[in-house]
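Participant: Construct the complete structure from the given sequences, taking the supplied hints into account.
Line by line, the protein sequences give chains A and B. Be aware that the first sequence starts at 1, since it is given in my numbering, and climbs by one per residue. Be aware that the second sequence starts at 1, since it is given in my numbering, and climbs by one per residue.
Rather than coming from a laboratory, the hints here were simulated on the basis of the structure. Ideal Cβ positions, reconstructed from N, Cα and C, are used throughout, including at glycine. Warning: the hint list may mix true and false statements.
Claimed, not checked - So the derived label-pair ranges between C-beta atoms look like this:
1) R286(B) <-> D477(A): 51 to 61 Å
2) E394(A) <-> E189(B): 23 to 33 Å
3) D415(A) <-> Q153(B): 48 to 58 Å
4) M282(B) <-> N318(A): 38 to 48 Å
5) D283(B) <-> D59(A): 20 to 30 Å
6) T17(B) <-> E327(A): 20 to 30 Å
As the list claims (entries may be wrong) - Distance condition first, Cα-Cα at most 30 Å in a straight line; then the derived DSS-like pairs of lysine-lysine:
7) K390(A) <-> K408(A)
8) K262(B) <-> K235(A)
9) K408(A) <-> K456(A)
10) K235(A) <-> K145(A)
11) K14(B) <-> K390(A)
12) K145(A) <-> K160(A)
13) K11(B) <-> K390(A)
14) K160(A) <-> K118(A)
15) K354(A) <-> K390(A)
16) K118(A) <-> K155(A)
17) K408(A) <-> K354(A)
18) K354(A) <-> K235(A)
19) K14(B) <-> K130(B)
20) K145(A) <-> K22(A)
21) K354(A) <-> K22(A)
22) K456(A) <-> K11(B)
23) K408(A) <-> K11(B)
24) K14(B) <-> K456(A)
25) K14(B) <-> K408(A)
26) K235(A) <-> K118(A)
27) K155(A) <-> K145(A)
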Amino acid sequence: MSEDLNWAVGGEAGDGIDSTGKIFAQALSRAGRHVFTSKDFASRIRGGYTAYKVRTSVDRIESVVDRLDILIALTQRTVEENLDELHDDSIVIYDGERSMMSDFEAPGEMRGLDVPLKRLAEDAGGAIMRNIVALGAACAVSGFKIEYLDESLEKRFGNKGEAIVENNKTAARLGAEYVDEEYDFSTPYDLETTDNDYVLLNGDEAIGMGALVAGCRFYAGYPITPATDVMEYLKGRIEDYGGIVVQAEDELSAINMALGAARAGARSMTATSGPGIDLMTETFGLVATSETPLVICNVMRSGPSTGMPTKQEQGDLNGMLYGGHGEIPRFVLAPTTISECFHKTIEAFNLAEKYQIPVYLTGDLALAVTEQTFPPEEFDMDAVEIDRGKVVDEGTIDEWQNETGQFKPHAVTDDGVSPRSFPGTGGGAHMSTGLEHDELGRRTEDTEMRIEQVDKRERKVETAREAEDWSYREFGDPDADTLVVSWGSNEGAMREAIERLDADGTDIRFVSVPYIFPRPDLSAEIEAAEETIVVECNATGQFADIVEHDALSRVKRVNKYNGVRFKADELAEEIEAALGGAAEAEVEA
Amino acid sequence: MSSDIRFTDFKSDKQPTWCPGCGDFGTMNGMMKALANTGNDPDNTFIVAGIGCSGKIGTYMHSYALHGVHGRALPVGTGVKIANPELEVMVAGGDGDGYSIGAGHFVHAVRRNVDMSYIVMDNRIYGLTKGQFSPTSREDFETSTSPDGTNQQPVNPLALAMAAGGTFIAQSFSSDSQRHAEIVQKAIEHDGFGFVNVYSPCVTFNDVDTYDYFRDTIVDVGDEEFDHDPTDYDAAKELILDRNKEYQGVIYQNENSVGYEKREGVEGPMTDVPDGAPEDAMDLVREFY
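Facilitator: Structural data, given as structure tokens:
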């Protein structure tokens with residue numbers, strides 16, 4: 001990777017940190033640079049500490065590192081919170097005229113640049129633009145041409161009128177000029193630009209866009225961090241396609257509304273996070289046993305209970321795989337990157353309808369709040385295929401009626417999949433229920449029919465296992481002795497960790513698993529490796545347990561559950577440590 | 001929709017397992033008549049049922065139907081109707097389903113005002129679990145779980161609906177079959193959330209709120225001499241807050257009501273989607289430039 005720059009703006013919630021960071025990230029993207037962002041934030045509207053971090057390079061980036069080169073600190077706490085990431089060559093931009101920063105001194109060897117952000121903003125037209133002054137200062141510090149900010153400012157403030165846009169452009173220039181004039185400063189950075197056009201989006205937005213493209217027309221949800229962005233993305237867009245977003249009174253209602261819409265024949269979805277999944281679990285069994293196609297998106301955060309609502313975790317794996325009483329199949333998909341969030345969402349809708357089954361589509365906070373640049377072609381619309389499964393119409397419905405003309409929504413078939421008749425279809429009237437039912441969807445306690453229905457629902461999984469692609473994504477050296485397995489959002493950090501380990505002479509075969517159920521069988525890969533390490537963001541190693549169970553073989557585990565995602569450099573060290581630990585254990589044995 | 005639809009077309013071939021004499025028979029017959037009278041047929045009708053004796057209704061009727069989870073029938077109906085406004089959606093359940101476990105959804109369904117009807121079979125008792133008090137049971141009602149009375153006020157469902165901004169609030173008695181069917185029909189015809197609390201006596205576990213009790217006490221607000229104007233909010237409020245009498249009829253109706261899905265601009269069924277990405281799909285990507 002060519003040289004990357006790690007930049008952040010931090011302050012209190014309510015300081016406009018997010019929009020400031022996003023303006024900078026967009027400007028970099030417009031300049032043809034890749035961007036990968038992350039956020040430190042808390043569950044509060046004002047005060048505390050919040051930061052927006054941007055990692056940028058001309059090469060594609062898919063992870064964060066433990067290093068911060070330029071920091072705009074609106075509060076002293078912003079610096080304190082980032083001491084581990086700051087280094088001797090770091091530059092801190094702050095406003096010494098802000099009372100809370102008046103006695104600030106840059107720690108250690110790092111350089112502090114006192115810029116009167118508020119005063120310069122007032123010169124440009126209003127104190128509210130102080131963050132934009134800081135952005136201008138950061139441009140001067142990083143050698144990033146200030147003109148690139150302009151388009152970003154136009155996008156952000158365009159709807160507020162020409163004058164506001166111009167004031168903001170002025171504010172940015174005043175910041176840059178101040179640094180140039182007051183400080184003897186030659187930037188150590190070379191922020192090369194390219195002619196590439198990139199788009200910048202986060203995982204929730206990618207899921208929302210995937211849903212629209214997949215034909216999702218009904219979304220019901222209840223706001224919850226970090227899944228709300230899915231709902232906010234869809235609201236205002238889904239209507240253009242004849243659809244709707246309904247804000248329900250709670251998650252119990254949200255999933256039931258989505259279920260109702262799906263039974264009416266709409267492609268339907270809800271999204272939530274762990275606490276909402278707990279509530280939705282009540283209805284999950286009904287969705288599954290009534291064989292209703294539904295996409296349930298779980299953007300995981302740290303649990304249990306209210307846990308750490310703004311922190312990363314992959315702790316809901318077992319909940320999604322086994323949640324709910326009784327036994328019922330479900331699919332669980334876990335996209336591994338932001339662009340995969342888009343592709344897997346489309347796939348989730350197809351799988352749900354083809355197999356008339358609830359599909360958990362699981363992201364996590366790290367994917368949800370991260371914005372990443374992509375070439376637009378990565379969202380290949382020509383490749384999108386929609387498969388609605390066995391939907392019958394009035395011309396074919398008689399094939400699925402019994403001798404008295406009653407439609408069989410739970411017909412026992414070879415592949416386990418029954419016909420589906422949308423309400424309004426003549427001759428298709430039928431009921432379904434959470435009670436065990438017969439082929440007509442009516443309650444039964446007949447012992448043979450019970451077995452037939454349980455078996456046909458399970459048979460759908462076997463059919464799908466054969467018919468669909470449940471493969472993993474592979475990186476690194478396929479012949480390496482060390483196999484690393486992870487699922488979900490760890491892929492980016494792990495890919496960069498491989499490069500670092502490779503540079504240190506450690507070869508890794510890395511398998512990134514986007515399918516949790518059904519999932520690829522890793523027995524042969526584990527057999528072929530000397531060591532297998534499963535990497536995941538939880539304490540107990542839920543995926544590692546499954547991998548061990550599948551392969552009947554023990555694996556090593558690298559777990560992180562402090563609420564922060566894996567960082568590439570840290571992960572490389574953890575892998576080395578796990579391997580070193582193995583060597584030591586052998587010596588001891 | 002064909003005009004030769006008869007109410008028996010909404011009957012399934014399953015024989016109800018309700019106790020002989022159960023109020024739910026009359027409630028269901030009235031629903032079927034009202035559906036037929038409003039020009040609906042089983043193929044365009046969606047019944048959502050809750051859990052309990054009342055929840056079995058989806059099995060005994062012939063239409064598209066879902067028998068859902070306890071207390072969540074209204075959200076299901078909401079989803080069905082919004083996703084296909086051409087369907088006639090009727091949600092049915094009991095007092096436990098609607099006013100206890102589902103009370104939260106009831107309030108929000110009322111204020112959302114989706115164009116569907118909600119028929120609550122209120123027998124003031126939990127029947128299927130064999131005789132525990134319900135949210136509409138009287139304070140001194142003695143049951144296996146309230147041997148000394150419930151020590152709680154019964155819910156006033158009509159008042160809840162009114163407080164939540166209900167646009168159609170009615171009550172009927174399953175045994176007065178003609179009036180019951182008429183009232184349900186009005187609920188169907190109402191553009192918005194047509195709520196009917198139906199006194200539907202439990203002959204096995206409730207020896208207080210019996211057929212005789214309702215026959216003797218019920219006052220029909222539709223009677224000419226009663227002279228009630230359902231569009232008069234204050235008059236309706238007075239009736240609803242009067243807990244000393246049992247009223248039947250349309251107590252309140254806001255004639256300006258427009259169903260939520262219409263106000264949200266839903267124009268038709270959401271069932272059709274293209275075979276691939278929509279033609280303008282790349283515009284969605286370009287928004288992220």
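Participant: Does each hint fit the structure? Answer for all of them.
Facilitator: For each hint, the structure was consulted:
1. R286(B) <-> D477(A): 51 to 61 Å: For D477(A) against R286(B), whose Cβ atoms are near 38 Å apart, the range 51 to 61 Å is violated.
2. E394(A) <-> E189(B): 23 to 33 Å: 28 Å, holds
3. D415(A) <-> Q153(B): 48 to 58 Å: 55 Å, holds
4. M282(B) <-> N318(A): 38 to 48 Å: Between M282(B) and N318(A), where Cβ atoms are some 39 Å apart, the hint holds.
5. D283(B) <-> D59(A): 20 to 30 Å: Cβ of D283(B) to Cβ of D59(A): about 28 Å, so the range 20 to 30 Å holds.
6. T17(B) <-> E327(A): 20 to 30 Å: At roughly 27 Å between Cβ atoms, E327(A) and T17(B) fall inside 20 to 30 Å, so the hint holds.
7. K390(A) <-> K408(A): Given that 30 Å is the threshold and the Cα spacing comes to 13 Å, the pair holds.
8. K262(B) <-> K235(A): Cα-Cα ~17 Å, so holds.
9. K408(A) <-> K456(A): Cα-Cα ~14 Å, so holds.
10. K235(A) <-> K145(A): 35 Å, violated
11. K14(B) <-> K390(A): Measuring from Cα to Cα gives roughly 27 Å; hence the hint holds.
12. K145(A) <-> K160(A): Between K145(A) and K160(A) the Cα gap is close to 24 Å, so the pair holds against 30 Å.
13. K11(B) <-> K390(A): 28 Å, holds
14. K160(A) <-> K118(A): Given that 30 Å is the threshold and the Cα spacing comes to 21 Å, the pair holds.
15. K354(A) <-> K390(A): Since the Cα atoms of K354(A) and K390(A) sit roughly 7 Å apart, the hinted pair holds (cutoff 30 Å).
16. K118(A) <-> K155(A): 23 Å, holds
17. K408(A) <-> K354(A): 17 Å, holds
18. K354(A) <-> K235(A): With a Cα-Cα distance of about 27 Å, the restraint between K354(A) and K235(A) holds, given a limit of 30 Å.
19. K14(B) <-> K130(B): 23 Å, holds
20. K145(A) <-> K22(A): Holds. K145(A) to K22(A) sits at ~17 Å (cutoff 30 Å).
21. K354(A) <-> K22(A): 39 Å, violated
22. K456(A) <-> K11(B): Status holds; Cα separation ~29 Å.
23. K408(A) <-> K11(B): 17 Å, holds
24. K14(B) <-> K456(A): Holds, because 24 Å separates the two Cα atoms, which is no more than 30 Å.
25. K14(B) <-> K408(A): Status holds; Cα separation ~15 Å.
26. K235(A) <-> K118(A): Violated: K235(A) and K118(A) sit about 36 Å apart, past 30 Å.
27. K155(A) <-> K145(A): 17 Å, holds
In summary, the structure is inconsistent with hints 1, 10, 21 and 26 from the numbered list given earlier, while agreeing with the others.
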